[in-house]
Structures are given as structure tokens and as C-alpha cells.
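Asker: What follows is the residue order along each chain.
There are 2 protein chains.
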Amino acid sequence: MEKSQEGLTVKKDENFSEWYTQLIEKAELADLRYNIKGFLVFQPWSVLSMEKMFSSMEKVLQRKGHSPYFFPTLIPENNLKKESSHIKGFTPEVFWVTQGGDNVLEEKFALRPTSETAFYQMFSLWIRSYKELPFKTYQRANIFRHETKATRPFLRSREFHWIETHCAHASKEDAMSQVKEDMETTKEVLHDIFGLPFMFFERPSWDKFPGAEKTFAADVLNPDGKVVQQPSTHILKQEFPRAFGVTFKDKNGEEKTVWTTCYGPAISRIFASVMIVHGDDKGLKFPWDIAPLQVVIIPINEEVKQKAEKLKLEIEKFASVKIDYSDKRPGEKFNYWEMKGVPIRIDLGLKDLENKKITVFRRDLDKKEVVSESELIKKIKKISEEITKNLTKKADNLFNNKIKDAKNIKEIKKIIEEGGIARCNFCSVEKEGEKCAEIIEKETGAQVRGTKLDEKQKPNGKCAICGKPAHNIVYIAKSY
Amino acid sequence: MEKSQEGLTVKKDENFSEWYTQLIEKAELADLRYNIKGFLVFQPWSVLSMEKMFSSMEKVLQRKGHSPYFFPTLIPENNLKKESSHIKGFTPEVFWVTQGGDNVLEEKFALRPTSETAFYQMFSLWIRSYKELPFKTYQRANIFRHETKATRPFLRSREFHWIETHCAHASKEDAMSQVKEDMETTKEVLHDIFGLPFMFFERPSWDKFPGAEKTFAADVLNPDGKVVQQPSTHILKQEFPRAFGVTFKDKNGEEKTVWTTCYGPAISRIFASVMIVHGDDKGLKFPWDIAPLQVVIIPINEEVKQKAEKLKLEIEKFASVKIDYSDKRPGEKFNYWEMKGVPIRIDLGLKDLENKKITVFRRDLDKKEVVSESELIKKIKKISEEITKNLTKKADNLFNNKIKDAKNIKEIKKIIEEGGIARCNFCSVEKEGEKCAEIIEKETGAQVRGTKLDEKQKPNGKCAICGKPAHNIVYIAKSY
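Heads up: the sequence lines are chains A and B, in that order.
Going by our numbering, the first residue of the first sequence is number 1, and it counts up by one from there.
Going by our numbering, the first residue of the second sequence is number 1001, and it counts up by one from there.
I should point out that these hints are in silico values taken from the structure, not numbers from a laboratory.
No residue lacks a Cβ here, since even glycine has one placed at the ideal position from N, Cα and C.
Check the hints yourself; a few may be wrong.
[Unchecked claim] Sample of chain B residues at the chain A side, in silico, Cβ under 10 Å:
#, residue
1, I1036
2, S1067
3, P1068
4, L1074
5, I1075
6, F1109
7, H1146
8, K1149
9, W1162
10, F1334
If we strip away everything but chain A, and leave its shape as in the complex, we get (with noise of 0.2 Å):
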């Protein structure tokens, strides 16, 4: 508690990294203190919001026709072997269980690190005809990746939790049908209820998912101009549904391999651009659907706490409220309260009370009100609905100001050192292509992300690298 009430003391802009470091410590989201390297305590007041964004997001897929299961976390060597780029690209980073009691285990079983093979093993016992096609599934769960890389709370950690969707086609249209369901999903959940801007890339051919026939993933933007992966889709090349035996009958009785695909929206990652997009230098901002609290109210004296249990009453019936009756001055109340990024606070004083006012803090403007005090829930109901579309409106123009067209490498640097988004012609996203990223990679540090799903524009002019004619247009970005 002690260490939450001295405020940040770095600016997001001008320390990003301190920032977001302090950010986790102080307004207590998570404990870094955990002694297993790249694991941490995920605290209430991330726990709360990860909660609601879990809600969020199943809803909209049970909406959708996904299907919740609960499979084992533990999956058989067998079955990841069974897809070769699959085991290749998830070895290095699988943790095993090798041990039971005292005994040695006859097989050893991978901590799920992703699910396909644990599913696919399943739909090869449940999918028998045509007619149960599309069948979608999803899971929430945890995951794990003994991460080569540095960790780094909420963005990169060795246990995560995340959602996965697995589904099974009738053919590759069908499947790409469900990338775009899925990249229409992000929109609703990330974009509309979290207020995360983001561009649905499809993924160049050298930068897959390990098994995957095309990669597709959301990229956000954080505010030191690099783009954080957010969920990805992934057609999955039909090796992996054959290894495992996945048919069906179609019309024809035709014994058919199914087309796969799956997407894994990473809320614990998802968090991390939360914080990340909306927060500025005074702590965290929520919108109103997942704030872990969505209004405080603070008793300035003593007189008021009667009103004050009273106005909870009222206000409990649409959102969560709590009463801050803690010790602490006014001041380091509403520090600590704007901090900790809730929507709305009321200050209750005896004086205004007299008059029948009450002053209410914004969160998303930072801007006090005073208000009748029969006006004050119509207000706060008011300002519940309009919280998310102004930090959404806010996020939206900060993304689409960092867009900006380059013609060459030079510009293309330049858009890149300035903490923007490079857009430029491209030679193209398949292999013959990778050389020219690589330039652009050695030269400004940043990748090429890929080719926008829902671009309408053609290119119509040369590769800004190497002069030949482009058949892309791409997005060039730095990312963590």
C-alpha cells in the first residue's frame, strides 16, 4: 500500500518502459516476486478486468456458435510429434512433465503450449459427416512457453491465459470464411468494448505460425511505435488434420480430410495493450465494460458517509461502487483512485451537499463536473456510455496518425524512427519477397507485418526496396 500512494514518477512518453514497469508495481496488477523465472501473481485488480474481458469475449463466440470445452492441459509427446513444423517450432519452448509420484512416466507430456493436437485428436472421434461442419470449439485456458526470449508481464510470460477457438471446415473458402468471422470478432471485442485500435494483417509467408498454411493476426500499436501481436487466426496447412485423421462425408459420400483453423485472443496479453493504449501518466484508464471497479465515491468528512451508503444503494443497481473509507487524505484518494484508472468518482462534501451539488471526476477526460444532486444518476448513466467512445475515439486517431506512405528505404526509416507505421508498394509476401524484408529488418530495425485482410486498394507502382513491380501493399512496424 505504501509504495501504490507515491503516484508514477515517470513520464509514458518520455520512459515507456519505466512506465509500464511502475505502472504493474504500483497500481498493483501484478507481483513479479514469484520465484520461477517468467511466472508472476496476476493481483485483483487485473484478475477483475480479465475476468470481464474472458466474458466479453466468450459471449461474443458462444454468439458466434463456438462451443466452450475444458481439455486436459497436459498433452502426450505423440500427439505433438505428429505434425512435424508443429513439434519443430514448439520444442525449444515446451516445458514436460516427466514424473508422477515417485515414478518415471512411460511417455512424457507436454504443458499444453497451444491446443490443435489435443483437439484434433478428439474431432478425428466426433466429426463424421458434412452436415456437423463448421464445428467450433473454444477453450479458455492457460498456457505455457518456456520463452527464449526475455518475458515481460502481461506482454510475454511463460504461463499465459488466453482463449483458443479450434474449428473444423468443409473446405479452404470455408475456412478463410471463419478468418474473417474471426478478424470481425476482434473488431467487436478489442475494438468496440476495449477500445483497442488495431490493423488485421495477413502474415508474410516467412512469418507463420509452425504448421499454419496462412497466418493472420491483429497488430496494436503502443505508443513507443512498436505494434504488440494480438490475436491471430491461422488456416492450418491439412498435414495436421490428416495426421490425426480428421474426415468426413460430404454430399457425395465422399470420404474428405477437413480444413482447420484456430484463433487465440491472449487476454492476458490483450491487458497489456489495455493498459497500454488508454493509460497516461497519472496510472491506468479503463473502459466502462471492464474496469475492474466502475465508480468510487469518497467521503470527504464525516457527516456524509450516511449519503454516501445511500448514493451506493442507487448506483449498485447498474455498476460496481465502493465507498473509500480508508485513512488516507482526500487528495491521496483521488490519486490513488486515478491511478488505479476507475471511470468515475464522486466527492462528497458536506458543503456542496448543503447546496445540493455534487462533484463527479472523469477518468476518460480528467475533468470534474458539479452536478444537482438530482441530476447525479442520470449523469453518471450518461457518462458510463460515453467513457469507452471517447478513449476508443481518442486510441483510434493516435493509431491512424502514425500511418504515413513511404516511397524508399529512407522514408520508410524515417516513419519508423519517428515511432510511426510505414505503409509502402511491395514486391511481394511470398518467399521470393523475404530478401527485400530482410533489408528493410537490417536497415530500420522493423518487419514487415504483412498485407491488411480488409485492404481494398491495389498496389500500383514498384517494390519501395527493389524497384521491381509490386504486388503488395504492406505495413512495415517495429514489434516487441
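Following the hints, position chain B against chain A.
Answerer: Just chain B, lined up with the frame of chain A:
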């Protein structure tokens, strides 16, 4: 799908074990064909209900001041070793992670069998003063036990889904108050929402959790006369927090060791009791608040489709609802949804509609009622309020009738053989009574479950076994 349509082929009372197995398969609750022994795939019909069970329990815990955390799944071996009876009790059941990627880890990590040793380590960093006590936490988690006993889906598997609360208190008295609060929580959630009757026992001294000073647990009765241990709650020995240095400064500035309690409602196991206690020869019966689906509409013919859709829109304002458009015959649909335990079914036939009548089937009483169209919504709301009460009342009566007084071992044996719970005077639940408990177990196959925490009656007479003065009234039952 094919299989489910067959319905159950055995009666619950005649072959309980086979009834249970068939129900899991035919109502598609879990698939046991996953290729790791003792691990299963929980399917949507059970997951949807368990999600609601989690949410009911978490709501009550949060209201009572427990804050939610996500702790790592892995616990270093050294943490587990810190308290000797704990490691002794759990070692034979621990799955160990020994490899990360291709490297052998320097220290083994346990897949948590329970998380005291993870929480207490952090408690020692977080708790400073008596002002922070009681410190009340919980987490929703999956836990792992390399069971040496035979596994049984939902009842005892090697991975299960539970909530574990961990609290620190200033005194043993405060710890005891927490135990009573946990008992109340069990009543509020398991009895009042899930409809499960139980008795809350203090376990005899020889039947305690590894590391516990006192163990309490709720026993739920199965129709075959065996009890299932549901949430247990423990006051841990102070050696435990002492091993982790969980201390606080009391009002006088003196450094003291906390007392700790934990409470572990295993949702996947409680789901088994919901199946078993409420289910019948036709299948499942769900209490209203935890039904995966609350209302199903069966259009008997094509012409009522529009009416069905209109009804659905009205009902989904207050309940989950689905129209069954599958190409099964109406009779098959009736059987299917009765097996699935959906509380309310609406049969929409053309003839009824012409007479402005609608047939409503309620699964709690297995009864059809014809209501006028204009009254339908009111009727559904009324039934929804009655369903859990009816199921609970029926279960309570059955449970209470099973408890019978016994004066000697012969009477105990008779009650147990008839599938009941015997209540008798008993010398002592402390160490000196263990011999009498052994005699009971040898003669009847049943165990002394303990003394009722909320029982006011005092023993007045002699031990039913050894004839010495009785200090306790105990309950005796067979268990899983």
C-alpha cells in the same frame, strides 16, 4: 449424436454405477477417450453448467471480501518441502515438470496439487499489520493429482477444476469464524442454488488434510448410500505459515504468526453431485440457475416456425432458449431434451395454436401443462422460480430420511447396509477413539465422517462401540 438418442438403458436405483457412466456418455458431458489415463475432455453441456457454478460461487466469495488472483500452475519443489506433513501427504500424488525445451531444469516444479505453498510465500511479502487481516483471497484454477486410487469422471480425475480460497487471520478464533463463514457459503451456493443437501462435519483427528490442525468438510449423499466429500475447509497448523514467515505486527507492535484457513469447492466434482442427486432414469435435471440451457422450444410442424421465433425473442429477455429444428421426430426430441435436463420445454403444435393454447413441460415434476397463449410468459417465469425449490425439497427429504440413530455396531451395520447414514454416541474423535472407528470400518465398510459443526445436541450416554462415556455424536457412512 446417434448414441444419445438411445436414452439410458438402466435404472438409477438398480445399477447406479452403470447409470452414471451411461449418463456421462449419452448426455455428452465428458469424453473419456483422451489418451492420458485419468484425464478427460469436458464437453459443452457440462462446461456451460460449470461456468455458471463458478460464477455463482465467485459472486458469493467476492461479496464476502475474497479477492481473486491467478497464481502460477507450477510450484517449486522447495516450496512444497517447507511443511513436512504437507509434502508427505502430497508427494505420492504430484506430477513433476523436470524439463524446459531440451534442458533439464535445475529445480523440479510441481503441477499444483493445491496452492497453499504458492500463496503463503506471497502472503509473507504482502501482509505486514493486523490492519490487513483477515486477508482473504481465492483463485479459480485447475489442479493436478497423480491419483493412486481408481479415477471416476467428475468425481476423481487427475486434473480437476476448482476454486481455492486462502485466508490469513490474526487468531485461531478468527480462523474458526472463517470456517463457519465457509459453511454458510456452502449452504448459500451448494444447497440454495445447486439444490444439494449436505452435512458439514468436523473430521475426526485421524482424518485430516496434510498439514491441517482441523479439517471440516461437506458430505453429500449419493442414492447408493455413499457420501461424496464436497468443499472441505481447513485450519492449518501454524507450522505452515511459520515455515513461510507469514507474520504481522499486532496492535501492540508485537510480531506474530498468522493463522491460515483454506476452502476448496471442486466445481467439476460438485457437478457430479448435481447429476447424481437430481438425475433420474430419464437423465439429468438441472436447477434453474445452472442449467446449460433453460428453455427449449420444439416446433411440432413446419407451420409454427414463425411463432417459435417470436416466442424465442420474448423468452431470451430473461432466460436462455433454443429452438430444436433438427430432423428428429418430436418424440425423439422430447426424450433427448429430457435426458439433457433442460428445465422447461415448450411443445408448439398447430392445433394447439389454433386454440390459443401452448403445452409446457417441466422437468422438475415431469409434468405437462396446457396454458393459454397469453399466459405463457408469466407461466414460464413462475415455473423458473419453482424449479430449484422443488428439486431441493425432494433432495432434502431423501437425505434426511437416510439419517438414522444407532445404539450399537449391529444397528450401525443394518443402517449402512440399507444405504443410510448412522448417527450414534461415540467415545471420542480425538486419537483415543480411532480404535472404535477401525472396528466400525472393519465391520461395516463405513467410516466415521465426524461431528456436525452446527449441531447443538450433546451426547448423553455411552459409545456405541466400546461403551466408554461418549464425548461426541458422530455420523457414519460409506464414502467414495
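Asker: May I ask which of the numbered hints given earlier this structure violates, with the numbers listed in increasing order?
Answerer: Hints 8, 9, 10 not satisfied by this model.
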